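Keeping their order, the protein sequence lines are chains A and B. When you line the first sequence up against numbering that gives the first Met the number 0, it's residues 0 to 158, in that order. When you line the second sequence up against numbering that gives the first Met the number 0, it's residues 0 to 158, in that order.
There could be a bad hint or two in this list.
Treat identical chains as interchangeable: a pair holds within one or across any two.
[Unchecked claim] Below, in silico cross-link-like pairs of lysine to aspartate or glutamate (EDC-like), each with a Cα-Cα straight-line distance of 20 angstroms or less:
id, residue 1, residue 2
1, 25, 101
2, 128, 87
3, 152, 45
4, 128, 79
5, 128, 37
6, 155, 51
7, 81, 53
8, 81, 121
9, 128, 93
10, 117, 57
11, 91, 40
12, 39, 61
13, 25, 13
14, 155, 40
Hints are computed from structural coordinates only; laboratory data are not their basis. The structure presented is a predicted model; accordingly, all values stated were derived computationally and were not measured.
There are 2 protein chains.
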Amino acid sequence: MLNIRFLTTGSLKEGYWRDALSEYSKRLGGLCRFSCTEFKEVRLSDNPSQAEIDAALESEGEKILAEFSPRAYKIALCVEGKQLSSEELAAKLEQVSAVSSDVIFVIGSSYGLSPRVKQACDLRLSVSKLTFPHQLMRVLLAEAVYRALNIVKGTKYHK
Amino acid sequence: MLNIRFLTTGSLKEGYWRDALSEYSKRLGGLCRFSCTEFKEVRLSDNPSQAEIDAALESEGEKILAEFSPRAYKIALCVEGKQLSSEELAAKLEQVSAVSSDVIFVIGSSYGLSPRVKQACDLRLSVSKLTFPHQLMRVLLAEAVYRALNIVKGTKYHK
Numbered sequence: 000m001l002n003i004r005f006l007t008t009g010s011l012k013e014g015y016w017r018d019a020l021s022e023y024s025k026r027l028g029g030l031c032r033f034s035c036t037e038f039k040e041v042r043l044s045d046n047p048s049q050a051e052i053d054a055a056l057e058s059e060g061e062k063i064l065a066e067f068s069p070r071a072y073k074i075a076l077c078v079e080g081k082q083l084s085s086e087e088l089a090a091k092l093e094q095v096s097a098v099s100s101d102v103i104f105v106i107g108s109s110y111g112l113s114p115r116v117k118q119a120c121d122l123r124l125s126v127s128k129l130t131f132p133h134q135l136m137r138v139l140l141a142e143a144v145y146r147a148l149n150i151v152k153g154t155k156y157h158k
Numbered sequence: 000m001l002n003i004r005f006l007t008t009g010s011l012k013e014g015y016w017r018d019a020l021s022e023y024s025k026r027l028g029g030l031c032r033f034s035c036t037e038f039k040e041v042r043l044s045d046n047p048s049q050a051e052i053d054a055a056l057e058s059e060g061e062k063i064l065a066e067f068s069p070r071a072y073k074i075a076l077c078v079e080g081k082q083l084s085s086e087e088l089a090a091k092l093e094q095v096s097a098v099s100s101d102v103i104f105v106i107g108s109s110y111g112l113s114p115r116v117k118q119a120c121d122l123r124l125s126v127s128k129l130t131f132p133h134q135l136m137r138v139l140l141a142e143a144v145y146r147a148l149n150i151v152k153g154t155k156y157h158k
């Protein structure tokens, strides 16, 4: 059974995102060992400069990097990443599970992820060309992983 | 102000999707005249044949086509469609608003949309290569349209 871990920055403020994620956590529990760790977002000023944003991403990134174990397969969510279909994501997870039992997905704050975090990951994954709030992205990713694990298992869910 | 209408098939069963959509409906109300019409999904057998699926899509499609007005700009959500960034979707809506005040987005049931509906639309839009449940797709689209209208208006939301 894969250990699947989400490393996320910023909290789920809206009740409906929390409820949706909690439902997916429950469902994922039947297919993998799932956990979601939430790091605090660095507070920025109203009109942050690029330097302020970069410093925040660096500081948020350090906490993420401290959780990276060398043998885990690490996937960074970013808009410039590669898009996979649900079947391709399933194939990727199956392929990874042959060499490692740990998969980490990293979702950044509203300004994304630091270059160091992206470089330390094995894959950069993009969900959409559209921008989505990071709260919703967490729910989207949970759904995508749940579907992919169902494809691996051959259940009916993905139809 | 644009009239933006979602034509959807199947109901939102989960409370968290209903709550999320209701929040976005409220937010969209400040930027456009928003409505969401829900058509009944045709009930299929447990292991439907392709013919059964095609017949269901045809029947669902007829109700959708009956709502199409010639002057509305019609957008079909489908995985083989074109992906747009949030900025590109904003530009498209701005461009459409110069010639029509009505925009219709069509989301199919879990088996998608009939070929006739897709052909009758002005644009086929894809959100992701990943498959998402149609319930979640409705929320995703509401978020995407809300963000796009904020970009058109020049507010801070999309940052």
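If the cutoff is 20 angstroms on CA atoms, where do residue 128 and residue 87 land: within, between, both or neither? Let me know, please. both (18 angstroms within a copy, 10 angstroms between copies)
Intra- versus inter-subunit Cα pairing at 20 angstroms for residue 91 with residue 40: Cα proximity of residue 91 and residue 40: none, with 30 angstroms in one copy and 33 angstroms across.
Intra- versus inter-copy proximity for residue 61 and residue 39 (alpha-carbon distance at most 20 angstroms): Answer is within; shortest intra-copy Cα gap is 12 angstroms, inter-copy 50 angstroms.
Up to 20 angstroms CA-CA - residue 57 versus residue 117, copy category: within (11 angstroms within a copy, 45 angstroms between copies)
When Cα atoms must be at most 20 angstroms apart, do residue 81 and residue 53 count as within-copy, between-copy, both, or neither? neither (23 angstroms within a copy, 32 angstroms between copies)
Using 20 angstroms as the alpha carbon limit, work out where residue 128 and residue 79 are close: within a copy, between copies, both or neither. both (8 angstroms within a copy, 14 angstroms between copies)
Within a copy, between copies, both or neither: which one fits residue 152 and residue 45 at a CA-CA cutoff of 20 angstroms? Answer is between; shortest inter-copy Cα gap is 19 angstroms, intra-copy 47 angstroms.
Between copies, within a copy, both or neither: which fits residue 25 and residue 101 at Cα up to 20 angstroms? within (19 angstroms within a copy, 41 angstroms between copies)
State whether the alpha carbon distance between residue 128 and residue 37 is at most 20 angstroms within one copy, between copies, both, or neither. Neither: 25 angstroms inside a copy, 27 angstroms across copies.
Up to 20 angstroms CA-CA - residue 93 versus residue 128, copy category: between (26 angstroms within a copy, 19 angstroms between copies)
Please work out whether the CA atoms of residue 155 and residue 51 approach to 20 angstroms or closer within one copy, between two copies, in both situations, or in neither? between (47 angstroms within a copy, 18 angstroms between copies)
With 20 angstroms as the alpha-carbon cut-off, assign the pair residue 81 and residue 121 to within, between, both or neither. Answer is within: at 12 angstroms inside a copy they meet the 20 angstroms cutoff, but 28 angstroms across does not.
In terms of the numbered hints stated before, the structure departs from hints 5, 7, 11, listed from lowest to highest.
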